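Enquirer: Spelled out, the chains give:
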Amino acid sequence: MIQQILFLLTLLGFAIILRKRIVQISRTIRLGRDVKIDGPTSRRFRNMLLVAFGQKKMFSRFIPAFFHFLIYIGFLVINIEALEFIIDGLAGTHRIFAPYLGGFYTVLMNVFEFLAVAVLVACVVFLIRRNVLKLPRFWSAEMTAWPRLDANIILITEIVLMLAILKMNAADQILQHREPQHYPSTGKLMFSSILIPVLEGYSTSFLIFVERFAWWFHIIGILAFAVYITYSKHLHIFMAFPNTWFARLQPAGYISNMPVVTREVKSMLGLPIEEPGTNEPPGRFGAKDVNDLPWTSLMAAYACTECGRCTSECPANITGKKLSPRKIMMDTRDRLEEVGRNLQNGGNGLDDGKSLLDHYITREEINACTSCNACVEACPVLINPLEIILELRRYVVMEESGAPASWNAMFQNLETNFAPWKFSAADRFNWAKD
Amino acid sequence: MNIPTLSELTARGETPEILFWVGCAGSYDDRYKRVTRAFAKILIAAEIKFAVLGPEESCTGDPARRAGNEFLFQMQAMNNIQILNGYGVKKIVTACPHCFNTLKNEYPELGGHYEVIHHSEFLQQLINEGRIKLTDTTAYKGKKITYHDSCYLGRANGVYEAPRAVIEALDADLAEMKRSKTRGLCCGAGGAQMFKDAEKGNKEINIERTEEALNTGAQTIAVACPFCMTMMTDGVKAKEKEQQIKVKDLAELIAEAQGLA
Chain V
1 MIQQILFLLT LLGFAIILRK RIVQISRTIR LGRDVKIDGP TSRRFRNMLL
51 VAFGQKKMFS RFIPAFFHFL IYIGFLVINI EALEFIIDGL AGTHRIFAPY
101 LGGFYTVLMN VFEFLAVAVL VACVVFLIRR NVLKLPRFWS AEMTAWPRLD
151 ANIILITEIV LMLAILKMNA ADQILQHREP QHYPSTGKLM FSSILIPVLE
201 GYSTSFLIFV ERFAWWFHII GILAFAVYIT YSKHLHIFMA FPNTWFARLQ
251 PAGYISNMPV VTREVKSMLG LPIEEPGTNE PPGRFGAKDV NDLPWTSLMA
301 AYACTECGRC TSECPANITG KKLSPRKIMM DTRDRLEEVG RNLQNGGNGL
351 DDGKSLLDHY ITREEINACT SCNACVEACP VLINPLEIIL ELRRYVVMEE
401 SGAPASWNAM FQNLETNFAP WKFSAADRFN WAKD
Chain D
1 MNIPTLSELT ARGETPEILF WVGCAGSYDD RYKRVTRAFA KILIAAEIKF
51 AVLGPEESCT GDPARRAGNE FLFQMQAMNN IQILNGYGVK KIVTACPHCF
101 NTLKNEYPEL GGHYEVIHHS EFLQQLINEG RIKLTDTTAY KGKKITYHDS
151 CYLGRANGVY EAPRAVIEAL DADLAEMKRS KTRGLCCGAG GAQMFKDAEK
201 GNKEINIERT EEALNTGAQT IAVACPFCMT MMTDGVKAKE KEQQIKVKDL
251 AELIAEAQGL A
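Protein chains in written order, with the numbering used here: chain V, 1 to 434; chain D, 1 to 261.
Don't read these hints as lab results, they were simulated from the structure. Since this is a predicted model, take the numbers as computed values, not measurements. Don't take each hint at face value.
[Said to hold, decoys possible] Label-pair distances were calculated between CB atoms; the ranges are:
(1) V:LYS433 with D:ALA139: 25 to 35 Å
(2) D:THR182 with V:ALA405: 27 to 37 Å
(3) V:ILE22 with D:LYS91: 26 to 36 Å
(4) V:ILE128 with D:LYS239: 49 to 59 Å
(5) V:ARG61 with D:ASN215: 20 to 30 Å
(6) D:LYS239 with V:THR41: 48 to 58 Å
(7) V:HIS359 with D:THR15: 53 to 63 Å
(8) D:ASN215 with V:ILE128: 24 to 34 Å
[Claimed, not checked] Covered stretches of chain D, as calculated for chain V (at least 3 residues, CB under 8 Å):
(9) 18–26
(10) 45–55
(11) 70–76
(12) 105–119
(13) 185–195
Yeah, the Cβ is synthetic: ideal placement off N, Cα and C, and Gly gets one too.
Sequences are here, hints too, so could you generate the full structure?
Expert: Given below as structure tokens:
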């Protein structure tokens, strides 16, 4: 009974913390500008199904995709077991499904164990890729101490959680022999039974302790991990789904229109304006801070797991420029979290004397972008760093007239000669004469 | 060359099959003017009834928009749309992927609705329909050609196959670079980079790409974009290979094989 109460309190405690984090995150996302979500729902559904659920884009690089797929399937399937954990914890039962499912329970448990081992192996492979092989994309400039530690914490936590399952099952199997009245049979579990010889020498009371400890460790581990995830890059496991759903459906080359500008240009040219503007004062042109960005870009920042495929494909980054599309997403999230903390502490929120542009992302970075869409193409969860870069450029040019001098010269040529170069408009047709 | 303008045709009460949108590079850049002429010759040989805007054409606004100057972009766009709609233009062909992208994807929202085709797609179509006759394929038969994907054609609009089909029509040996199609490396000129110096780094993007092209062992680097043309040509020069390696647009390759060059 005490265990049940403890379990209920633990569950409630974590639920409260988790809820607070979810509220906080959605609050920061809603700081973003409203954006029209159009296009057929069927295509959005398809994107979510293929890209998030089906991991389609991951497989452009097979090795990480394969191991990632093991962890992903492991996560989906092993969490079914968490359902039994929760029922057992609340009802004070032990393996409540075992007697009902009989032989099928054995099959299920063996599948879970196989996946636990697969996850374990995959996590070890990933740790080696990061820390021993030191793949360049995990060590580039923006991968400072915290992002590197975050990745390792996630992998090690997953390994430890999987070990807890296996250890719990091993102890359980011994106890099934010793006290069958309390421990319903699970049948032979292929992987954890390997651990049986290690534990067999211990007393029953110690094994009960081991089993209970591993059980509590696993369930608290899962709950604590769920909270940790909200602070971590690992949040992609949830955010990948909405992000692929809301991903833009237009061809990648399309840049979103600014209706405010359209109204202004139309009135300058004396053209009829179909959609008259509201009386709202126009916001900033482009983006200086996170609240100037569309909310979808902010959500995308939470969906980024810092894999760095974007950066490893970026022509500017490859040739040593400061720009890294991954850093654009990491900076956006860092700024968002900062604003969120400000707001939560009753501070000034956005008006803290800082902004996304300049305090996080420099002009040198955004000026280096060739808008080639390599980063967009590379992202396994359809994040679009280019959208943020363009909004920042819009702010620099339209609010500050701060473009690089040669761009200003190009603008001037466009205004006077209707071409980006200094050639007379009258000479435009000369190519046919030569 | 005798190239009809849309205003002349309209004055005669005629309507062309297509409008050939030349673009600024195609109009002013000495190297790309040769591509414009090659493509015009192909159109004439294929007996396509086409016209150009001539002096009435102006920049689509692409570099302004990508640099962040939305006002300037929309001014350009609105003016162009007024002219195009004034003539009742329905179908546009252009050799510039940047113009292609802007006309096709960004003008509709501002009131300009046209069928927009890139010249690589149009060439493929004409070859398939037998309207282009490749009389002299000896020039490239079995020769290695590598194709550099333009970002605004490839990733931006998913046109990967048409340019390759055009090269294959020459009986050439198409040698792919390490990074191609969806993973093709940019030449370095997109996003208005054409109009400024690169930011500080340890290498120019076009050199990185040119090295990749040279590694294929191809004698010809085929491009389908005026900016790529400039960047790759400069890259080949920087590598002092301009004697051995030629950078050519698809239209030039076809015009040569038709004996029009």
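Enquirer: For each hint, tell me whether it holds in the structure or not.
Expert: Going through the hints against the structure:
Checked against the hint of 25 to 35 Å, the pair LYS433 of chain V and ALA139 of chain D passes, with Cβ atoms roughly 28 Å apart. The supplied range of 27 to 37 Å is met by THR182 of chain D and ALA405 of chain V, whose beta-carbon atoms lie about 35 Å from each other. Remark: the range hint 26 to 36 Å for ILE22 of chain V to LYS91 of chain D is contradicted by a beta-carbon distance near 51 Å. For the pair ILE128 of chain V and LYS239 of chain D, the supplied restraint of 49 to 59 Å is violated, since their beta-carbon distance comes to about 38 Å.
At roughly 21 Å, the beta carbons of ARG61 of chain V and ASN215 of chain D sit within the given window of 20 to 30 Å. In this structure the supplied range 48 to 58 Å holds for LYS239 of chain D paired with THR41 of chain V, their Cβ-Cβ distance being about 51 Å. Hint check: HIS359 of chain V to THR15 of chain D, Cβ distance near 57 Å, so the stated range 53 to 63 Å holds. Range check, ASN215 of chain D to ILE128 of chain V: about 31 Å between beta-carbon atoms, so the 24 to 34 Å window is met.
Judged by the Cβ-Cβ criterion of 8 Å, the stretch 18–26 of chain D is covered by chain V as claimed, because 3 of its residues qualify and three suffice. With 3 residues having a beta carbon nearer than 8 Å to a beta carbon of chain V, the stretch 45–55 of chain D meets the requirement of three or more and the stated coverage holds. Counting residues of the stretch 70–76 of chain D whose beta-carbon sits less than 8 Å from any beta-carbon of chain V gives 6, enough to reach three: the coverage restraint holds. Counting residues of the stretch 105–119 of chain D whose beta-carbon sits less than 8 Å from any beta-carbon of chain V gives 4, enough to reach three: the coverage restraint holds.
For the stretch 185–195 of chain D, the stated coverage by chain V is satisfied: 10 residues place a CB nearer than 8 Å to a CB of that chain, which reaches the threshold of 3.
Hint compliance for this structure: hints 3, 4 are broken, all remaining hints hold.
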